[in-house]
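Just so you know, the protein sequences line up as chains A and B, in that order.
So in UniProt numbering, the last one in the first sequence is 315, and the numbering has no gaps at all.
So in UniProt numbering, the last one in the second sequence is 308, and the numbering has no gaps at all.
By construction, these hints were calculated from the structure, which means they are not laboratory data.
Quick reminder that beta carbons are idealized off the backbone N, C-alpha and C, glycines included.
Incorrect hints may have been included.
Here chain A is said to cover these stretches of chain B; the calculated rule only asks that three of the stretch's residues, wherever they fall, bring their Cβ under 8 Å from a Cβ of chain A [unchecked claim]:
| id | segment |
| --- | --- |
| 1 | 12-26 |
| 2 | 138-146 |
| 3 | 150-160 |
| 4 | 236-246 |
| 5 | 257-268 |
| 6 | 283-293 |
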Amino acid sequence: MKASSAELDHLFHPIDRSSMADQVLTRPSVPLWRDMIRKLLKNKLSVLGLALLLLIILLAVIGPSLLPHSPSTQSLTRTNLPPSAEHWFGTDDLGRDVWARTWAGARISLTIGFAAAAIDLVVGIMVGGVSGYMAGRGRLGDRVDSILMRIVEILYSIPYLLVIILLLVIMKPGIITMIVALSITGWVGMARVVRGQMLQLKQQEYVLAAQKLGTSHARIIFKHLLPNAAGIIIVNLTFTIPAAIFSESFLSFLGLGVQAPAASWGTMANDSLGVILSGQWWRLFFPGLMISLTMFAFNAFGDGLQDVLDPRSHN
Amino acid sequence: MYVLKRLFTMLVTLWIIVTLTFVIMHIIPGDPFATDSKAIPESVLENMRARYNLDKPLPTQYILYLKSLLTLDLGPSIQSKTTDVNTLIARGFLPSAILGIQSMLLALVAGTALGTIAALNHNRTFDYISMFVAMIGISIPSFILAPLLIKYMAVKWGLLPVASWGTWRHTILPSLALAVTPVAIIARFVRTSMLEVLHQEYIQTAEAKGLSTWKIVVRHGLRNSLIPVLSFMGPLFASVVTGTFVVEKIFAIPGIGKYFVDSIFNRDYPVIMGTTIFYSAVLVVTLFLIDMSYRFVDPRIKLASKGD
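Using the sequences plus the hints, can you model the full thing?
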């Protein structure tokens, strides 16, 4: 039985426009990134972390010029002075100003941390990206993936600090050496993260659509896959940077870091070991505090960032 | 099948470490006797090189080194004529092992307790406090904490011995210094996974049956939430082992870590090589065992790997 159009007209009514009022968006639409910033700012610990981090970076830049002391000028008349108005963090056994040395050390420690993390990021994205994208792409693709992953697997199971120590023992100590040594195995973690993301994301429909439209591999990787993996990559970065800074101070503490007269936080802590018992607490306290504050700042900020950028992680 | 594959990877890893160590140690320019060779006649030098096989071509040296490793001989020391790497390791093993085991146990117990209590008080004051404490624990490296412990606990308040090795009281401060970061990391792990587990349906069932919170946490919660912690035991063990380098140095404990650090300072290459290989072997084997036990503890993992 077929209904006539008149019968159907009887069944349908035009909607009264005035009842649409409850459909109107009461809040303005918020861009994703602004929503993320709002969420991040709500997390007090991560705001504290970010603020601390910016403060440390700022002091690393301007800190030494706030007092009229150079980090390497020695003075035999002003050795082992406790913190005072003139020497805010005191002086060491050669009469050098600990405040100036702390912030000169900050430059070294932060430079090494950021540079090593940057290399890890680039190498990790390249290896992880290629490996994850090629996996399941014919025999050649699978072979590329499995070769890269074997390398990653083996590097991952080699105790990295021991390799770094070996390298540092034979290389000329310095900032560049330290960066190279830290990033030789450091990229492995990032490569694993990126590969995992790639494997997941390339199953998405928009990637299929891009492929069907004939988009090049490079464009798919850089335009579609990486931006979508960016959140998790950034979160991982907030844990790689402090790890690199920690390793640097650990190795400097073992005497494998930058050489005198330059000193990173780890070197300063190491130098202060002999004098901590004779009461010169400031020589260990300030560089130690800075290492700890930097670790704390990165971890607190990274945790907040993870809540925002990686919603699947439970916290 | 998986076990065999994993075993093979482990052996390849060990071989790569050995080769890498050998190559790195042999691209150093000059020879170890060059520095103090002025007073030594050439014939003596030749004998010394022969003693350490340094007069032979590199491939031969490599084969000889592999051979001696297979017989578990880690090589001589150049600094000390009477001891070799095996003796050093045998001498330092006990203190290092005691320190390591003690701090791992402490980390497991304290970390699990802290994390569980935090999870049970989710988003309440105690949760915030314990997570803040954990964050501080992660932030303070052992080589900063150790001197502070000495300064206050030992020197100022005289509670415990300052350094060196002897009674059990000597082990407390170094174990504490080693354990703080692992405690914090485990606490965070346990909290996260405990929160997840507590939302599962079987926990609701247990609650509905009227079980006490204690029983629910111990019987159902901990058993399930400790599985992810197990997967973290490998890196944790590695960090405790590397932590012993600095902690043994600071507390002047005659463990392997201290000998290793001393050999770095003295540039005693055979000892650096031997100790590195020993440490790597310990770490790689431990990683392998943890991997195996992980599959043993959680039946779901076994099932999953049968599929592939």
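These are the hints, each one checked on the structure:
no., hint, in the structure
1, 12-26, "holds (count 8)"
2, 138-146, "holds (count 6)"
3, 150-160, "holds (count 3)"
4, 236-246, "holds (count 5)"
5, 257-268, "holds (count 4)"
6, 283-293, "holds (count 3)"
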